[in-house]
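Engineer: Next come the chains, spelled out residue by residue.
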Amino acid sequence: MRWVLSKLITELGFKRSDLYVVDADSSMSAMLTSFSENFPERYVNVGISEQGLVGVAVGIASCGKKVIICTYSMFLMRAWEQLRNLVGRTRLDVKIVGTHSGISSYGDGPSHQCIEDVALMRVIPGMKVFVPADSIALRCCFEDIIDSEGPTYIRVGRDEDERVYSECSCRLGVANVIKDGGDVAIIASGGMVAEALKAANELKRLGIDAAVIDSHTIKPIDRDTILKYAMKTGAVVTAEEHSIYGGLGSAVAELLVNEYPVPIAFVGIKDAFGKSARNLSDLRRYLGLTSSDIVNAVRKVVSRR
Amino acid sequence: MRRRSYEEPIPISELKLDLSSVDVPVIRNIVSRGFNKNQLLILKEIRCNIGRSLTSILRDASRRYGIPLSTLKLNAKILKDLNILKVDNGGSRGVYLTPLGEFVCELLGITSYGREFSVDPKLIQSLNEKASLVRKHVLEMMAEAGSGHVGASLSVVDVLVALYFAKMRYDPKNPSWPLRDRLILSEGHAAPALYAVLALAGFIPTSELYKLRDINNYLSGHPEIIIPGVDMISGSLGQGLSVGCGMALALKRDGINSKVYVILGDGELDEGQVWEAALTASKYKLNNLVAIVDRNRYQQGGPTEHIKPLEPLAMKWIAFGWHVIEVNGHDFRELLRALNEVDYVMDKPSAIIAHTIKGKGYPPAEGNNDYHNKPISKDELRLWGFK
Chain A
1 MRWVLSKLIT
11 ELGFKRSDLY
21 VVDADSSMSA
31 MLTSFSENFP
41 ERYVNVGISE
51 QGLVGVAVGI
61 ASCGKKVIIC
71 TYSMFLMRAW
81 EQLRNLVGRT
91 RLDVKIVGTH
101 SGISSYGDGP
111 SHQCIEDVAL
121 MRVIPGMKVF
131 VPADSIALRC
141 CFEDIIDSEG
151 PTYIRVGRDE
161 DERVYSECSC
171 RLGVANVIKD
181 GGDVAIIASG
191 GMVAEALKAA
201 NELKRLGIDA
211 AVIDSHTIKP
221 IDRDTILKYA
231 MKTGAVVTAE
241 EHSIYGGLGS
251 AVAELLVNEY
261 PVPIAFVGIK
271 DAFGKSARNL
281 SDLRRYLGLT
291 SSDIVNAVRK
301 VVSRR
Chain B
1 MRRRSYEEPI
11 PISELKLDLS
21 SVDVPVIRNI
31 VSRGFNKNQL
41 LILKEIRCNI
51 GRSLTSILRD
61 ASRRYGIPLS
71 TLKLNAKILK
81 DLNILKVDNG
91 GSRGVYLTPL
101 GEFVCELLGI
111 TSYGREFSVD
121 PKLIQSLNEK
131 ASLVRKHVLE
141 MMAEAGSGHV
151 GASLSVVDVL
161 VALYFAKMRY
171 DPKNPSWPLR
181 DRLILSEGHA
191 APALYAVLAL
201 AGFIPTSELY
211 KLRDINNYLS
221 GHPEIIIPGV
231 DMISGSLGQG
241 LSVGCGMALA
251 LKRDGINSKV
261 YVILGDGELD
271 EGQVWEAALT
281 ASKYKLNNLV
291 AIVDRNRYQQ
301 GGPTEHIKPL
311 EPLAMKWIAF
321 GWHVIEVNGH
331 DFRELLRALN
341 EVDYVMDKPS
351 AIIAHTIKGK
361 GYPPAEGNND
371 YHNKPISKDE
381 LRLWGFK
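The listed protein sequences derive, respectively, from chains A and B.
35 is the number that this note's numbering gives to position 35 of the first sequence; each next residue is one higher, with no gaps.
308 is the number that this note's numbering gives to position 308 of the second sequence; each next residue is one higher, with no gaps.
Quick caveat, the hints were computed from the structure, so don't treat them as lab data.
Take the hints with a grain of salt, since some may be wrong.
No farther apart than 30 Å at their CA atoms in a straight line, the calculated lysine-lysine pairs in the DSBU-like style are these [stated by the list, open to error]:
1. A:Lys219 with A:Lys179
2. B:Lys167 with B:Lys285
3. A:Lys300 with A:Lys270
4. B:Lys211 with A:Lys66
5. B:Lys283 with A:Lys7
6. B:Lys252 with B:Lys316
7. A:Lys66 with B:Lys316
8. B:Lys285 with A:Lys15
9. B:Lys136 with B:Lys167
10. A:Lys15 with A:Lys66
11. B:Lys285 with A:Lys66
12. A:Lys219 with A:Lys275
13. B:Lys211 with B:Lys80
14. A:Lys204 with A:Lys179
15. B:Lys80 with B:Lys285
16. A:Lys7 with B:Lys252
17. A:Lys66 with B:Lys86
18. A:Lys275 with A:Lys198
19. A:Lys15 with B:Lys283
20. A:Lys198 with A:Lys219
21. A:Lys198 with A:Lys179
22. A:Lys15 with B:Lys252
23. B:Lys44 with B:Lys86
24. B:Lys136 with B:Lys173
25. B:Lys173 with B:Lys252
26. B:Lys86 with B:Lys316
27. A:Lys300 with A:Lys232
On the chain A side, residues computed to face chain B include the following (Cβ under 7 Å) [stated by the list, open to error]:
28. Cys63
29. Lys65
30. Thr90
31. Thr290
So these bits of chain B aren't anywhere near chain A, every CB distance computed over 10 Å [said to hold, decoys possible]:
32. Cys48
33. Glu102
34. Gln125
35. Ser207
36. Gln300
37. Pro303
38. Phe320
Glycine residues also receive a C-beta, built at the ideal position from the N, C-alpha and C atoms.
Start from the sequences, fold in the hints, and give me the full structure.
Structural biologist: Structure (C-alpha cells):
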C-alpha cells in the first residue's frame with residue numbers, strides 16, 4: 001500500500017507543479033523519499049509535530065497550492081482539533097493521508113492501531129472520507145481526490161494484506177457492488193472487503209445469497225446504492241477495521257434508520273483497543289474481524305428479517 | 001595565569017547578580033563580560049561583513065579605530081578558538097559566524113540590521129489619531145454586541161495600526177491580491193481590533209462594525225476567512241504561527257517577496273504548537289515571517305507569570321533561532337523601527353516582543369484583568385466620555 005502511495009504521489013508531482021507534500025518525519029515509513037528527492041522544493045518536513053504539520057499545510061494551501069499531508073493516522077488524531085479548526089473551517093485544498101490505519105500495524109500494539117479515525121474525520125463538516133480496499137482502488141481514485149476541491153481524508157493501511165481487485169473502475173462517491181445477491185447486503189470498507197468476499201463464498205454453501213458492496217467513500221455515503229440493496233435484500237451487515245462506534249456501520253445505520261429501516265448487524269471492534277500480535281490474522285481473530293465473524297453476523301441478521 | 005597583551009575579560013565571580021530576574025539585559029551583561037571590547041568590535045564588524053575575508057575586515061577596522069592590526073588578529077584568533085567564528089578555507093577565505101557565534105551576537109544585540117532609520121513626526125501623529133479612532137470603534141462595537149474580549153482588543157491596537165497604516169502592502173479592492181503581505185491574528189479573541197482596523201483600511205464598511213456577533217452578519221466573534229481582508233481564521237489559540245510558517249514557505253518558494261505577520265497573545269505561548277512552529281520557522285530560515293507577541297502580561301486566569309511563567313521570554317525565542325527585538329507596543333516610533341529592522345534579517349525569522357498594557361486606552365480596563373472578557377455597557381462608555 002505504501003509503495004503504491006509513494007508512486008502515486010511522485011507521479012502526481014510530475015503532473016502538477018502546485019502539489020506540495022507536508023510530512024512529520026514519516027518519510028521513511030510512509031515512503032515519501034521518492035517525492036522528496038524529485039521535488040525538494042515542494043516537500044516540507046516539520047519533524048515529529050503533527051499539530052504544527054496541519055498548520056503548515058493550511059498555510060501553504062492558503063497560497064493556492066494543493067497540499068498532501070501524509071503521516072501515521074494514529075498520530076494525526078492528536079491534531080484533530082487543528083484538522084477541525086484549520087482545515088475544516090477554511091475548507092482549503094488539503095488532502096490528508098493517514099497511513100498505518102486500522103490494525104495494520106499489528107505488531108506495534110494499541111498505541112499505533114488507529115480504529116477511531118473514520119468517526120473523528122466523518123464528524124468534521126465538509127470533510128470527505130475515502131477508504132480504499134486495496135492499492136488498485138487507491139490508484140483508481142487518487143487523482144480524482146487530489147483534483148477535487150476541499151479536504152479529504154484518505155485512510156490507508158501499512159501494507160496490503162489481500163488484493164480485492166485485479167482491475168477497478170471505482171468512482172469516488174459511488175459504492176462498488178463487487179458481487180450481487182438477494183438475501184443480505186454485506187457493506188464493507190478497507191481491509192474488510194476481502195473478508196466479506198470470503199464470507200460470501202462460505203454463505204453460498206449455507207444457501208444464503210449475499211451481495212458484497214465496497215463502500216470506499218464513507219462520506220458522502222452512496223445513498224442510492226445502499227438504499228437499493230437494503231430494499232432488495234431486507235438485511236444489512238457492515239464490516240470495517242474500525243470501532244463499531246461512528247464508522248461505516250454508523251454511517252449506513254444513520255441513512256437506513258431515516259429512510260428504510262431494516263435489521264443491521266455491525267462487524268467491527270467493540271469498544272476495545274487493539275493488541276500486539278505477530279501477524280494480522282491472529283489479531284483479526286482476537287478482535288472478531290474475520291470472515292467467519294461476518295458469516296455469524298449474517299446468520300443472525302437474516303433470522304431477524 | 002600569565003597576563004597577555006589583550007585585555008583580560010572580567011571574571012563572572014566579580015558580578016553581583018539577582019538570578020531570580022534573569023532576562024536578556026542581565027544575560028547580555030554576563031555574556032558581554034566574557035569578551036573584551038576589541039573582540040566585541042570584531043564581532044560587530046564581521047556581522048556587518050559576513051563572507052568578506054577576515055584579513056580585510058581586520059585591516060579596515062584597524063585603520064578606522066586606530067587599533068594595532070596585531071591586537072585585532074590576536075583577538076580574532078581567540079574568537080576562532082572559542083568556536084565563535086570560522087574562516088572558509090575552501091577558497092574565498094570569507095569569515096562566518098558559527099551557530100554559537102550567531103547565538104552570542106543575538107544575545108549581545110550585535111546586529112547589522114536597519115541601522116539608519118528615521119520616522120516622520122507627521123506619520124506618528126496620524127498613526128496616533130488612527131489608533132484613537134480604532135479604540136473608540138472597538139469599545140462601541142463591543143458595547144453594541146454585549147460581549148467580547150476588551151483587554152486584548154485594546155492592547156493590540158497600536159501594533160495593528162502600525163502594520164496596516166505604515167508597513168503592510170495590501171489592496172482593499174482586491175483582498176486576495178497574491179503579492180499582499182499577510183496578517184494572522186493568532187490571538188483571535190482580539191478580533192474587534194482587527195475588524196476596526198480593516199474598516200479603517202477600506203476592506204469593510206464601518207457601519208458593519210456595529211453588527212459584530214450578529215447572527216445576520218459575517219463579523220464573527222473570532223476571525224473567519226470569509227471576512228474581506230482576513231487572511232486566516234483563528235480562535236483556537238496557538239495555531240497561527242504554524243499557518244504563518246506554511247504561508248511564508250509557499251511565498252518564499254514562489255519567489256514572492258511578501259511578509260507574513262503573526263500576532264500572538266502572551267498567554268497563547270503556553271500552547272506547545274507555538275514552539276513546534278518556532279522550530280519549523282528557524283529550520284527553514286523563514287526571514288519573511290515575523291511573530292509579534294502582544295505582551296500584556298495577563299491571560300484569562302491571571303498574570304502570565306503566575307499561570308505559567310514565560311520569562312525569560314526573549315531568551316526562549318533567541319534559543320529557538322529567532323532574531324528578537326523588544327519594544328514598547330504603544331510607541332509607534334519603536335514599533336516602526338522594529339518592523340523596519342526585521343526587513344534586513346536575512347537568515348532567520350524575527351520575533352518582536354511588544355510590551356503592552358491590557359485594556360490600553362479605556363481607563364477602567366487598563367491593566368485590570370477583570371476586563372479580560374467583561375461585557376461593557378453603552379452607559380458605562382458614556383460615563384468615560386466615549387460616544
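Engineer: Could you check the structure against the hints above and give me the numbers of any it violates, in ascending order?
Structural biologist: When the structure is compared with the hints, numbers 4, 7, 13, 17, 31 turn out to be violated.
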